[in-house]
Amino acid sequence: MSEQARRLSTPVDTETAKSLRYGDKVLLNGIIYTGRDAAHKRMIQALERGEELPFDLKDQIIYFVGPTPTPPGRVIGSAGPTTSGRMDAYSPLLISQGLRGMIGKGLRSDTVIEAMRKHGAVYLGAIGGAGALLAGCIKEAEVIAYPDLGPEAVHRLVVKDFPVTVLIDSQGCNLYEIGQKVYRR
Amino acid sequence: MKEISVQEIIRVVEELCLEANCVLNQDVVDALQSALVTEESPQGKEVLGLLLQNAEIAEKGSIPICQDTGIAVLFVEVGQDLHITGGSITEALNEGVRRGYKKGFLRKSVVADPFSRENTRDNTPAVIHYDLVEGDKLTVTLAPKGFGSENMGALRMLKPSDGLAGAMDFVVETVDKAGANPCPPIVVGVGAGGTMEKAAYLAKKALLRDIGSANEDPELAKVEKELLGRINDLGIGPQGFGGRTTALGVNIEVFGTHIAGLPVAVNINCHVARHRTITLTGSPYSAR
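Keeping their order, the protein sequence lines are chains A and B. Just so you know, the first sequence maps onto residues 0 to 184 in numbering that gives the first Met the number 0. Just so you know, the second sequence maps onto residues 0 to 287 in numbering that gives the first Met the number 0.
Hints in this document: simulated from the structure, not taken from any laboratory. Note that this is a predicted model, so its numbers are computed, not measured.
Partial list, derived from the structure: chain A residues whose beta carbon lies under 8 Å from chain B:
no.	residue
1	VAL64
2	PRO66
3	THR67
4	PRO68
5	PRO70
6	ALA78
7	LYS104
8	GLY105
9	GLY128
10	GLY130
11	ALA131
12	GLY149
13	TYR175
Note that beta-carbon positions come from the ideal geometry of N, C-alpha and C, so glycine has one too.
Kindly produce the complete structure, drawing on both the sequences and the hints.
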């Protein structure tokens, strides 16, 4: 586990994703996309019908977040990660279509981890419950799809030094498992 | 006899929504600060520091501490000698939530129906628990509940032979299974006894108690302490990255139960652990 944070720009290619190891600290820069339960369901339905997605998945990163409404004069409201496990049913298909990374918090299923290993994707963690702090790293925000979903609409965000930790790397190594073992009595 | 108008109820609930979501309770701040001293994991320490920093940013900028501003859960104690004027108290509580969530730019996270799942866009209906009490006051506690932690709760109808040991094992097992999902460090509410729904209600109610407030019964206070120790020995740590601080507190509430049963419910709260209370004294009753 390296202590020094590494700066990464999006999109992230397979080679870069594969170089990330569990526990690595990363500062993300560039465009990322938001999506949670309802948006994932719609994207999967669109793929099944052979329709285009709101954005090209290739080498992109999806942030599992439903921000609070944007007050006047701000870029976005509070914007911390939601529990990723609810996207487990959808993530493998998106990963197979080129999605390179996911930002969330909490456990993932074996099926998701298998898809990450197969296609060289990473699962990144932002601090759950630190939505006010994380909002400060979001410099631009725009709804690009499904506005009727309210907080669940797909946003395009421009982030600057957005802090994440590699929770599960492309080899399937899991910070939760390895980190917790050290302190379990 | 005293009276309180629904207008006043609307106003205070609106205020509670803003405060509870943007200002971290002092008991949580204190608990995070002491955890910062005792936590051994460097990653864990870093997370705890960031959570305190997040709370400062939220309070200064009136930004929600967490984007999941929850479903509004209200515990309302109505004095039996109090008269509510001008309309329905349930409508007033919901109207307060509606206004508070709009005014505070809080997230509307409630769907009208669990299956068709259309967002109501005003964060109602609130979940309201009424309790009729002696006196002529109205006490309203708002505890907005996010679902990262709520989804990790569990209820089990244990056998009397399982006893306290079985109940404690169930609590620890529930927290262990939840792992990183409920945004540790968590607060654990335990309800034991009563019936199925009474145990669940008590588990939620236990979360209204401040962190570090021991149960009045010294035996239960001991159980709370022992459970906190066992939970922190799980090693889950802040955010699940591994560490000593998995829970900040364990609160237990109990009630009489049937000779054949031992219901136990576990309600987990994330580190934001929102709860705000206000007591209204009302004005002298004016006969009209």
